[in-house]
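Novice: Going line by line, the protein sequences match chains A and B. Count the first sequence with the working numbering and you get residues 1 to 429, in order. Count the second sequence with the working numbering and you get residues 1001 to 1513, in order.
In case anyone wonders, no lab produced these hints; they're calculated from the structure. Each residue gets a CB set at the ideal place from its N, CA and C atoms; glycine is no exception. Treat the hints with care, as some may be off.
[As the list claims (entries may be wrong)] Derived coverage of chain A by chain B (criterion: at least 3 residues anywhere in the stretch with Cβ under 8 Å from a Cβ of chain B; other residues may be distant):
no.	region
1	27 to 40
2	360 to 372
[To be verified] Stretch by stretch, here's where chain B covers chain A in the computed footprint (C-beta under 8 Å, at least three residues):
no.	region
3	68 to 77
4	277 to 288
5	381 to 389
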Amino acid sequence: MLSREDVLALAPDVSSAAAAEMLAGLGNWDARERGERGAWGEIRGSGAGTYRVCVGATGSPATCSCPSRKRPCKHALALLLWLADEGARGRVSQEPAWAEEILSASSVKVVTVEPKPRGDHAARARRASQREGRVAEGVAECRAWLEDLMHQGLGAARASAGEFWERPAARLVDAQAPGLARQVRRLRSAVVAPGDWARRGLMEAARLHVLLAAHDRLSALPDALREEARARLGWTTRRETVLAGEGVRDVWAVVGVVEEIEDRLRVRRTWLWGCAKRREAVILDFAVGDREFPPTHPIGTALMGEVAFYPGARPWRALVKDVEVVPWPHEIGETSIDSALDAYARALATDPWVERVLMVLRGVRVAAEGDAWVVVDAEGEGVTLIGEPWRAISLSCGAGVCLSGEYDGQSLRPMAVWDASSVWPMGDE
Amino acid sequence: MQGMRDVDVLAKAASVGLARVDGERDARAFLDEAAQACAAALAGAGTRRAQPIEVADTGDDSRAVTGEEATRILADIVALRDPLLAEEWANLAAARGSRIHPAMLPPVLDWCESDVRVRECFDGVLSERGFWLARRRDSWRQCVPTLLAEDARRVWGEAKGTIRLAALRALRRSKPEAARELAESVWAEASAEDRAATLAVMRDRLTMDDEPWLETCLDDRSKPVRQQAAELLAILPESRLAQRMRERAAMYLRVAPGANERWSRGARKDTITLDRSSSCDRAMRRDGLVDSASSVSVRHWLSLTHVDAPSRWRHSDLWLALQVLAAAPPGPVRDGQTTSLDPRDVILAVMAEEWGQDVLIAWEASAVRHRHEAWAVAMIESWCLPSATLDPIEGLYSVLSIEQRERLGPEIISSVKKGGLRELAAAFVIDPRSECLSSECLNVIERGPARRGMNLDWLVYGVNPALVHRALDQVRRLSGVVEGAERLMRILRLRSRMAEAFVQPARGGEGSP
């Protein structure tokens, strides 16, 4: 059930929200009724005609026959506002045929954006080769900087001012290699952090080194690894290209949603677990400053259908292509933590730059070792947990439970826990 | 590769800098080696072995978990951190014999840890699983009154002031005898402040079994302790102190013989006489009476009933008489028992006298202290209350049964309407959620003008859930002048959802987790 605030948050811009509030009054509507699954009505447009509006109780679908290209349009928003205010009161009516058709289409489709016109072929080729030249220069500079850093030592760098790291990062952005800039910033974060900074700094430096080496051997690399290296360096693939490719069919369970701040950007990872094929997919979303993320599927949803992967060494980053919501599948995930760690090792072998993999475990129990919390399987083998897993303990009473988390090579960051009846997020309680 | 070095060795070299390490010239070769070593370390990291925590046997908890919608509402309330909504949710759940969903126990316990105000209300719906969970973490264990009560003796020995008292309070609720025994056993070492606070806790579940001990407390060294003991004994009608007070009341206030007949003829004057003697002997002082009326003593005796004693009492020779009348049950006393004269008649007769106002104030306090419904009804109905503010009404109203409240509530509100919104709010506080009171208040607000800086919090938290849509309309109408209208509407919607969610019969199958 949406509240007023939720509805206003769906508005594509401020003017739509304001117009919706004005249109919510009864006077503008010729007919307006509420049903089990949503609401429908007819509203007088600014011209002579009326528009047919139909919305689902959760905010989707939100359709209207008006010519506006904004979705949801101000008429749909107005109807949703009325629905939010009505709450559970008032008459519940039978859906007319046209509304029933719209509300029955429960599939969640991806909105395809019109591709921008690309200009002529020659210009594109010229820009591409210019970029390759700039990146090559950036890589060479970065290598020199890295080797110098190794000679001076990470300890000395630890005490350096921010400029020491920002200047090479900015130059890499100028060189159109933002992926390398990101890796330089990761190296900085590892080195200035407290604790095990030398070891983590070495790992990030090694990762940067491998990326630079990959650039120099780009053409000689096998296809999949070359695609991965290009993506890590900063070359992007367009959404339409990914969506146009062939997808993987499965029942995809949304097992985790994690938000983080990275440099000046907010990143959100939505993790999907393919139940039959037992593989992971992650949807990456970015937001700048205070902007909201686009809506995503919440934890506890299961989507049956196609998911399309970005090109790379191993399939991980993906987009939802064409799915419908199905009931949550029970008994998914690995029972052996040893095999889960094997899967991580295999991922590392395929993609040297992998940062974290998804683990979905079932029948595991929580253990406490001094200050640390561990999750163990039936054999007593376990992996360290980040944070305190109280929700899992409470739900399971100490017995076996299913949970999902992000594994980074050292510890598991739990994202969700579930039992036979409900799915709950972890890490934010 | 021969002899690939360990990651930690390489990390050491990297941290000091290759320039300072003998034999390291080539940064690229070093980084190549590092890349392989790091990958091997990550891929080769094995599992760790650990012993899982024991499976809890939380027993056959027959109570059903609250339904899906109710659980969702609880999650919203926890996110808002609103203690009043928490209390309402917990009361609704407890009334239906439900318990909190296990997945919501950690956030609720975290909230109890950070906010003292919600500890009592959630205690009743945590259930065995909640207690099991709380026992696993020290910071949570101290926030659950039931767990404190289990271990009250140890807590009293180890913990500080407020937690000790919380433990004692919880113990008193479940095992009143044990609480008294604990209090008696630690009496000797306790400070005066602790002793007075401990006695205050004994007010809950007070019975005649406590009387002997309380009578000895009348001889305590510390004045607040003696006052507290006298206060408690006055409530127990069979206590020796209460008997002494009744005897004194009989001496101070006398009804003339044949008064009934004179009242039926309408003649009231001189049917009741008040003795003004103001000598306070040792027995009276022991029972907590004071002869000189300082502002402190006046405040103390009437503090529990919210009645504001008029300042003229400080210089009055009636002070002693009024104390006695406030301590004894209301109404004239004869032969050691309060008479069965009709309170209405007595009130009218007393009002006819010049000291009438003062005696009625004392009897207000007495009616509340002794929870005397007949007198409370008579006083409210007569509307002869000398203290013309609404404060005493709250005390008297709390004594009434539900039927009487339904009957008298609207009358009170309608006579208050003239005062304005603040008085209305005060009247509403008497019994929020009563449907007729809510309706009356909404009528007044609907007809009234919008004024800058209006405060509607009292209405939003207290309005009967069946009338939420009217309240929503009003908040929307007044959103220009009321602060935080969005927040108020959110609270109203939550309360409406809550009422609906708990009306549905609990489905037994959800009891499993």
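Novice: Run every hint past the structure and note whether it holds.
Specialist: Results for each hint:
{"no.": "1", "hint": "27 to 40", "result": "violated (count 0)"}
{"no.": "2", "hint": "360 to 372", "result": "holds (count 5)"}
{"no.": "3", "hint": "68 to 77", "result": "violated (count 0)"}
{"no.": "4", "hint": "277 to 288", "result": "violated (count 0)"}
{"no.": "5", "hint": "381 to 389", "result": "holds (count 4)"}
Hint compliance for this structure: hints 1, 3 and 4 are broken, all remaining hints hold.
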